[in-house]
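Trainee: Sequence:
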Amino acid sequence: MNDKFNKNDNAPKRMSLNKRTHSTLTVQGSTGRAKVVQVEFRKKKVVIDPKEIEARKAEEARKAEEARQAEAKRIAEEKRQAEAAKKAEEARKAAEEKRKAEEARKAAEEKRKAEEAKRKASEKKAVEEHKPSRKENVEDKAAEEALRRQQDEQQKRKIEEEAARQAEEARRLAEENEARWAAEEEERRKASESDLDISTSKYVREAEAIQEREAENRGRHRGGNNERRQSTKKREETENQNTNQKRSSRRGGKGQKSLAKLNQQQHGFNRPAAPVSRDVVIGETITVAELAQKMAVKSAEVIKTLMKLGEMVTINQVIDQATAQIVAEEMGHKVILRRENEIEEEVLAERKTSENAVTRAPVVTIMGHVDHGKTSLLDYIRKSKVAAGEAGGITQRIGAYHVKTRGSGITFLDTPGHAAFTAMRARGAQVTDIVVLVVAADDGVMPQTVEAIQHAQAAKVPLIVAINKMDKPGADPTRVINELIQHSVIPESMGGETQFVEVSAKTGMGVDSLLEAILLQAEMLELKAVADGMAAGVVIESRLDKGRGPVATVLVREGTLHKGDVVLCGLEYGRVRALRNEKGQNLESAGPSIPVEIYGLSGVPVAGDEVTVVRDEKKAREVALFRQGKYRELKIAKQQKAKLENMFKDNTASELNVVLKADTQGSVEAISDALNKLATDEVKVNIVGSGVGGITETDSTLAAASNAIIVGFNVRADGPARRVIESEGVDLHYYSVIYDLLDDVKKAMSGMLKAEVRQEIIGMAEVRDVFRHPKYGAIAGCMVVEGLVKRSAPIRVLRDNVVIFEGELDSLRRFKDDVSEVKSGTECGICVKNYQDVRVGDQIEVFENVEVKRSL
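Residues 326 to 1181 (the numbering used here) make up the sequence shown, in order.
These are computed hints drawn from the structure, not numbers from a lab.
Don't take every hint at face value.
Said to hold, decoys possible - Straight-line distance between alpha carbons at most 30 angstroms, and here's what the computed DSS-like set of lysine-lysine pairs gives:
(1) Lys-360 to Lys-376
(2) Lys-423 to Lys-404
(3) Lys-659 to Lys-623
(4) Lys-425 to Lys-483
(5) Lys-411 to Lys-483
(6) Lys-438 to Lys-425
(7) Lys-382 to Lys-515
(8) Lys-908 to Lys-853
(9) Lys-443 to Lys-466
(10) Lys-944 to Lys-955
(11) Lys-423 to Lys-412
(12) Lys-797 to Lys-831
(13) Lys-411 to Lys-797
Stated by the list, open to error - Listed next, with one range per pair, are the computed distances between beta-carbon atoms:
(14) Val-1175 to Asp-1068: 53 to 63 angstroms
(15) Ala-467 to Asn-502: 25 to 35 angstroms
(16) Ile-1086 to Glu-1022: 51 to 61 angstroms
(17) Asp-1068 to Glu-848: 44 to 54 angstroms
All C-beta atoms in this analysis are idealised placements derived from N, C-alpha and C, irrespective of residue type, glycine included.
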């Protein structure tokens, strides 16, 4: 029967079941007698098909979605209206404030005019002093009363506006709550009205329908004994419940056992019910992996979020601060932005200096062409013999000296004049107050003289020209002046601003006038600096001393540098162990414009770095390590960029690998620049390692591994380094003059250039007749008109001075004999290999390929 019921497609989708119950009641009649009345109770039950229920549920869900969308639209519209009202209110307030400001301005203007009128009236009527004063008091009181009323009105208006805003907000919240409550009440009402018998199993519904029909039929036929029918119904319900319980226990027993076993195997960690918001600290740059780690999420989630924002990244890719902030906020975290140099700024902000500035000594840089007498002129001023100790008689490092003359001090910086030391001259021009340009009277303006002028003009430093070597017979100062005028250096005698002084470093002529010119220029500049407080300066030169460690020559700009101060010097830091002047004397402190050598740094600083005294050595170390990390990242980025740029280039250029060691940092910088400028498209210098100090075993090992030569400039190799050099056969060169170093490197690079191949014509033969031979083919009877015809040399066949064939000879004969060469003015027979179209009048050109060595 159940199968028939299931297979019947025409079964009703909605079926009503009427159930009748008969009962007997005893009631009191109108006459007072009891009557027995038969009463029939009817109960109606409706069974609905599940498909119709699902359709009804879908319809209700659709209506609920429409209602939610309508509610969202209404809320958005209310929000938009509220924003529009808020903007209108803000515009009204701005207009009101503008009006009030205008009224206040007018009131102030009227008050000023009234006061002006009062003053004029008081001047005219000096006799009536008391009356005008009383009038003025009355007007002041009236103005104060008006201003007070205006303030009261403004305060009252603000209170009313705030009350209106709060009332509007309360009304909006009440409407939202009322709408929400109405929706919830409607849902509860719909749920209470649905009195439908909905079961999860169609078999249960069918069984219930059959039982109800059977009970209804039994009630109709028997017509009585309601108690028996009720007991039977209770018994059937009890049996059905027991059957269902047994069936469900059989189905779920196995599942319950497996569920219990699974619960025993679960760990104690529970997944958070809601997302966890964290404070994410983001620097200027951060990798995707670091950002994911700080947010405690997987890197794949961060990459997915970036892809949604249109950024295709990898897990190790570096993203900027703005992008990382957007990603973190998108994923629900709070962002704290940090600058990477925050510690550095904090350390530098702790410096304290006095505001009382005092006059300081001028810093004068001696510049000019090589061998024009710069150091000799400075020697005469210092009464020393520095030039005699220089290798090759030329200066190859910056020297800093403090000279006391006529009660005031002058700090001199002596710069090299060689073309390779451009960076040193530029650094000297940046830290100086006055530039003294030394020009030899017998040599005139030279390339480095022009370069020194350009450095001084770029640094906007006043220039004093010292025309040196005036004691020589060929001195011509007029020529020097005319050449300098071409470079915009005009003397004061011609209306310019540059002082020209004629001097002689050998006899001392004009040296006093030069010092007076320097002091006059310094007095015009009004040079001042703070003498008290923490010092700040710049590194002039640095080197690595074998016994003392890193040594830096520092020019103090402001403050006072004391022994024991903690200094931050570019990428290095340290505590000043000792202070020494240029004469090697120990000092306890150094003030502004005083050059000193400091000891105790963690490494050799770069020339030109800023030197700053800080309070905390620990923070100084953190800043130095941070700077070293940034420098390392920048260096790696440059190398990576160079690799990417050279990826698709034809890397056929030869490289000369060099390990460079010098005595000072400035010398390393200058020599490196000079060697890199020697590079061409075919050969270049690759500096695989450089540094300050002697040649160590590490340098020798590096040179052996990279097949490089070692260049030592004013330094020597130690014992372990020499043993490695001898065992590995490394090429080692010592130099003390930069000329020799550059010349030798240039020769080595020239030897690496490919030889140039040139073609030299050695002979010319003219075809007089052509013979045919059964074995060789066409044989040209020729007359050698120029040079020599060789059997082994390549040839060209020319016709009307146009090359028509290029190849080699198959045979060369003189009469019947094979010969190797035929000289000019001699007849011969020539057979050209793989060419038979030789004609009378053709020319056969004989040439040789000659290799010519090239040089840079």
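Trainee: For each hint given before, does the structure comply? Return the numbers of the non-compliant ones in rising order.
Mentor: 1, 13, 14 and 15
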